[in-house]
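Peer 1: One line per chain: the protein sequences are F and W, in this order. Under the numbering used here, the letters of the first sequence match residues 1 to 278, in that order. Under the numbering used here, the letters of the second sequence match residues 279 to 825, in that order.
Rather than coming from a laboratory, the hints here were simulated on the basis of the structure.
Residues from chain F shown here face chain W by an in silico Cβ test under 10 Å; the list is partial:
no., residue
1, Arg48
2, Phe63
3, Val133
4, Gly135
5, Gly218
6, Gly220
7, Ser221
8, Ala222
9, Phe239
No more than 20 Å apart at the CA atoms, straight line, and that leaves these computed lysine to aspartate or glutamate pairs for EDC-like:
no., chain 1, residue 1, chain 2, residue 2
10, F, Lys50, W, Glu566
11, F, Lys241, W, Asp560
12, W, Lys825, W, Glu572
13, F, Lys241, W, Glu564
14, W, Lys350, W, Asp538
15, F, Lys50, W, Asp560
16, F, Lys241, W, Asp538
17, F, Lys241, W, Glu566
18, F, Lys50, W, Glu564
Cβ atoms here follow ideal geometry from the backbone N, Cα and C, with glycine treated the same way.
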Amino acid sequence: MLNSVKKLFKSNYLFTFGVMICLAWIIAAILAPVIAPYDPIVQDLSLRLKPPSAQHWFGTDNFGRDIFSRVIYGGRYSLLAGCLTVVIAGFIGTFYGAIAGYVGGWVDNVMMRISEMILSFPSLILAMIINAVMGSNLFNTMFALVIVAWPTYARLMRSVVLSVKENEYVTASEALGASKVRILMKEIIPNSISSVLIMATTDIGNQILMFSTLSFLGLGSAPPTPEWGMMVSDGVDYFNKFWVAGFPGLAIFTMAVGANFIGDGLRDLLDPKLRKQF
Amino acid sequence: MKKKLLAMTLCLAMAFSCVACGGSKESGDAAATTGAAEATGETAADASGSNTVVVAMGGGFSTLDPGYVYEKYPPVVVTACYENLFKFYTNDGAPEPCLADTYEFSEDGLTLTVKLKDGVTFASGNKMTSADVAFSINHCKNLQGNPSFMTETIESIETPDESTVVFHLTQADSAILSKLTYSALAVLDSAVVKENGGTDAADAATADTAQAYLDTTSAGSGMYIMTSYIPDDEIILEKNPNYWGEGTNVDKYIIKIQPDANTQMMTLSMGDVDVALNMTDDTIAELESVENVEILNAATKTVGFVMMNMNETYGGPVSNPKVQQAIRKAIDYAGVQMICGQGTLTPYDIIQVGFMGSKGERKTDYTNVEEAKKLLAEAGYPNGFDIDLTVTDLDMEGILLTDLAQKLKDDLAQIGINANIVAQPWAAGYGDAYRDGTLGFTVMYWGIDYNDPNVQLEFLPGAVVGLRAGWTAEMNPELAAMYQETMNATDNDARIAILEKIQDAMYEDGPFVMIAQAPAHIGYNTRLDGVAISDPYALDLTLINVK
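Please construct the entire structure, taking both the sequences and the accompanying hints into account.
Peer 2: In structure tokens, the structure reads:
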């Protein structure tokens, strides 16, 4: 495994690139108080809408706040939202799908129809509704994203489990008298999890975009939180001052691209059909 | 088969569009000149020597039938094509007689008698009489459209002779003259409107069919006649040859409905448009260097305010009068003005600058953080407190309320109050909570329904907005009583005296802090004279001349 990861780094430059970008963002987010030259929230109206300069690398916004500092701090929210959403949605989806697929019969039918109900809504609109009803803050936005995301994982998991459960080792466990729970936990899930992992890594980028979209629409965390999507939406009013919306937009772009590159690379590594290449 | 069908649909579509074009050309008297002006370019005086002015403005309306006019921009057209009994000739001060010659209130203020000007004719050549006035106002009232509430205090209209109109009111209403200036109450040519399906009967809401006609042309006594109206696209006004008064030297207006500020800015700087009504703080910066373009910045009467609930259940610490005073002292009004853009100003109090009776602006040195801290300590919060500041997803003339909230949060942090901004969409609870008076601490805005200081009386205890802040009449009976006093004061001087008393009483006390009157920005070509920002009409075309 370690060998193939090394190989992956060597052979897949995009993966390496993606890891570098994401690492940079993670470090920036963790060390934000050290890296950011200014407080991201404190206003100074005498410095309103100043273009990028030596003092303010990314310029300042309409409250005179340093955009560079805000972008650095903003990474925390986007990373948190992207990763946590995927982890929670993946966790719920994995178990839900595994139970549905393994138990089968009417349980499967009922469980999958429920998840399809959620899938049949346009995801962005559903997230917006949840957010609007519950009030918009960071937690609720993530909650909405999880609600929208988990059924996809459940479906994927179920389809994999359907084929895994036909394997001889599962029959052997059953013959040995293992309980259903034990078989699910020890045989089925470990043998089906890789496809969920692949999807999860690619999904981080999507979730970051989705989170930014919601914040852009005013449904993310409340101002003055330095959140990227919200910063872009603030900048839309300043058509001729590119830096207000431009730099946070660039941050969203690089983060999403980085996460997608990693996802693609991991798929090459983990997907059994592609693995032969290594 | 499919191809044939497609061809047929295309032919049909073309045929329809030809018919449509033909129709609109015929409706204008000067179809030929329309074409000529369009061909030679729209701005500068064209070869025939006639002056054409192009105006770009926002949309948001779908009819120009005066009886339904309620939105911001239709009055631009209505004041040019129609006239009212009274009019705001300048952007501040009291309404002045227009079609009215003289007027008189009865002693009890329940009757208003208006004598009409002599010799006023409509564009059709018909003479304007008291019957036309009665018809127009009843028409608006009985259509039961958005502006019908303007006639609420009018019980009945009597026309003893051709040149006298007597309004019987349900209660004394010192704002009645201002209401009569409103575009929805413009005087229509009743003969022409009736001919085209109009009625002022009680069942006008269903029986009136004149809207289709009034959307193609106008039927008023104004300086211009509307010759074409393409919704969300273009309106063309041409000079009324039968105008009874003295006209300006602009022969034709082309009004483009083009709300985007950047498009307006570019067309204005290239000379394709002469007046752009929707400039923003950002776009005017681009125009500063452009030759032949002048910018007007002025405060509108749309006002942003902080509301602190007087009911302790909802307001918590901000229901404390001392805390309210402290917050008033802590707000950096100059900073708020900077965020709202050029032309913003902070009114003295609940009566906006520009209204009759306004005490002007809040003193520039009012902000005092030290005093605010002291007041806060006196109130029992020497170390400040935490509070939720609820804010909704609306904007005040383009200024986001969340921006105002962020500024407020920063200012309050200076005196130790930690305001936690909670965003709540209007449709998802904010609207109901605001109207029910259950919001504790919020930033909101207020747009005026019509151009009269009486609209601001709703901020008094026991009135509509006052109650939203949990401010009941019992809490301040003396101030609450001034509502009716102002309504009764049909004499302007008496009314101004009461309005000033109200403002003094609320300057330092009460649950409302008026923080900013949002600005409007107009850009125009310097070849024009008389372009001015107008609150009631957005822009008064009858004042513009070509130099």
